[in-house]
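Spelled out from the first residue to the last, the chains are:
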Amino acid sequence: MNMPLVLLNRRRRGSVAFNPVSLFSAGEQGFWLEPSDLSTMFSDRAGTTPVTTPGTVVGKRLDKSGRGNHAVAPTDAARPTYGIEPKTGRRNLLLATDTMATQSLTVTAVAHTLAFTGTGTVTLTGASIAGPLIGTGASNRVSLTFTPTAASLTLTVVGSVTLAQLELGSTATAYQRVGTAFDVTEAGVTTVHYVQYDGTDDSFSTSSIDFTATDKMSVFAGVRKLSDAAQGIVAELSAIPTTNNGTFNLQAPSDAGFARYRFISKGTVSSGNFVSGYAAPISNVLTGLGDISGDIATFRINGVQVAQSTTDQGTGNYGNYPLFIGRRNNTSLPFNGRDYGIIIVGKTASATEITNTESYLAANTSGVTL
Amino acid sequence: MTVYTSAVLILPAAYRQAGNDLSASMGWQPVDADPGTYSVPLMTADVLTHWGCRADVTQTFIDMVENPTPETQPLVDVLIYDFRVTGDPHTHFMDVITENGLTLMPDNAEV
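Protein sequences, first through last, are from chains R and X. Residue numbers are given in this note's numbering: position 36 of the first sequence equals residue 36, and the series is strictly consecutive. Residue numbers are given in this note's numbering: position 98 of the second sequence equals residue 98, and the series is strictly consecutive.
No lab work stands behind these hints: they were computed from the structure. Here the structure is a predicted model, which means the values were calculated and not measured. Among these hints, one or two may not hold up.
[Claimed, not checked] With beta-carbon atoms standing in for the labels, derived distance ranges:
no., chain 1, residue 1, chain 2, residue 2, range
1, R, LEU38, X, THR69, 27 to 37 Å
2, R, THR185, X, ASP34, 55 to 65 Å
3, R, THR88, X, THR69, 41 to 51 Å
Glycine residues also receive a C-beta, built at the ideal position from the N, C-alpha and C atoms.
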C-alpha cells in the first residue's frame with residue numbers, strides 16, 4: 001500500500017500552473033479577457049463568427065471569469081483588430097517577407113540591416129542609395145548595413161528575394177516572418193496574441209457589472225502603449241466616472257504628450273497617481289489596486305509598486321456600471337495600443353495572486369519580462 | 001480568409017444621422033446607437049463641422065462606396081473617404097483629417 005502514498009506526495013509537491021479563473025473562485029464579480037484563446041473572440045458583434053486569423057476585426061470577446069461579462073464593440077467601425085507577434089517583439093520592418101515584393105516604408109536616421117536569401121536583387125532608393133544587395137543563392141543569406149536619412153525608403157525587388165528582413169541595428173538577426181502588420185512570427189520564439197485599438201474609435205463595453213458588494217478592486221492588464229500623443233482609456237468602470245461614484249480606471253497615457261500611465265480609484269472622491277518615464281512605444285504589465293474605505297490606490301508596473309496614493313476616496317462601494325475598454329463611454333479618450341489580456345476582480349488580490357497574475361500576463365505580453 | 005483594408009470615412013455634421021441610419025440599416029450598428037458609427041467629432045477652425053470613423057473594411061464595402069447605388073449616392077457625394085493597407089490606423093486617420101483641413105475636437109482633460 002505504499003505506492004498510493006508516494007503518488008499522493010508527488011502530487012502535493014508538484015507545481016500547478018496558475019489559472020486566473022482561480023481569482024474568482026469565491027464568487028467574486030469580475031472580468032477576464034484573454035486574446036490568446038480564440039474560442040472567446042468573434043469578428044461579429046453578435047458573437048457567431050469566430051476569429052481565426054491575425055488581422056481580423058474583433059466584435060465580441062467572451063469573459064473567461066465565469067461571470068458572463070462579455071465585451072462587445074458598440075458598432076462595426078469600432079471593432080479592434082486581432083494580431084500576433086513573437087514574445088520578444090517585432091524586429092522585421094518589412095511586410096510579406098517570405099517572398100518579398102517591392103515596398104516602401106518610413107525609416108529613421110539610424111543604422112539598418114537588410115538581409116535575405118535567394119538569387120534576386122534589392123535596390124534602395126529614397127532615404128538611402130546603399131547597395132544594391134545582390135542575392136547569391138536560395139540557401140545563402142546576404143546582408144547590407146546602411147544608415148538612411150529620416151525619410152521614405154523604397155526597396156525595389158527584382159528576381160527571387162525570400163526570407164527578407166529589414167531591422168534596426170548593424171547585425172542581421174534571426175528571421176521573423178511578417179505576413180501583415182498584424183501577423184508576425186519567429187521560429188523558436190513563443191507567439192503572443194493581442195487586440196489592437198486604433199486610437200481613433202475602437203472600443204468594447206460590457207453590460208453593467210455589479211460591484212456593489214465590494215469596495216476593493218484589483219485591475220490587471222498587459223498592454224502595449226503605441227503613442228503618448230493623446231490621453232487613452234484602457235479600462236474604465238462607468239460611462240461618466242467624473243460624476244459617478246464607485247468607479248476606477250486605467251489610463252495609457254494619462255495626459256496628452258506625456259510618457260505616463262495612471263490608475264484611479266474613486267468612492268465619492270478620486271484618488272490615484274500618474275507615473276512617468278514610460279515613453280511609447282512600450283509594453284508593460286499594469287496593476288491597479290483600489291480600496292475605497294482604506295483610502296489606498298496602489299499602482300504597480302511590471303511587478304513593482306511604482307505609486308501609492310492614500311488620499312481620501314470618500315465612501316461607498318464600487319458601482320453597478322458597464323465596463324468600457326479602449327475608450328471612455330465608447331466616445332472619447334481612445335486608447336492607441338494593444339491589450340494582451342485584461343483581468344479585473346472585485347477584491348483585494350493576495351500578494352501571491354498579484355504575483356501570479358502579473359507573471360501570467362507578462363508571459364503573454366510582448367517584450368515584458370518580470 | 002477575409003482581407004481587411006483600413007478605411008477613414010468622414011461626413012459633414014449635417015449628414016451624420018443619415019450616415020448612422022445607413023450604417024444601422026446594413027447591420028453595422030444598433031439602430032439609434034449613440035454615438036453610432038460616425039463617433040469622432042472633427043473641427044474646422046474650432047467649429048464642429050464633421051464626424052468621422054476609422055474602420056477595417058472588406059473589398060465589398062470599398063466597391064459599395066466606389067460604385068454607389070442611387071439610394072446611397074447622395075451620401076457618398078458628401079463622404080470623404082480613404083482606403084489604405086496599413087498597420088498604423090491612427091496615422092491613417094490623422095493623415096486624412098489633416099489633408100482635409102480638419103482637426104480632432106480636444107477631449108476634456110478629465111481624469
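Against the structure, the hints come out as follows:
{"no.": "1", "hint": "R:LEU38 - X:THR69: 27 to 37 Å", "result": "36 Å, holds"}
{"no.": "2", "hint": "R:THR185 - X:ASP34: 55 to 65 Å", "result": "40 Å, violated"}
{"no.": "3", "hint": "R:THR88 - X:THR69: 41 to 51 Å", "result": "49 Å, holds"}
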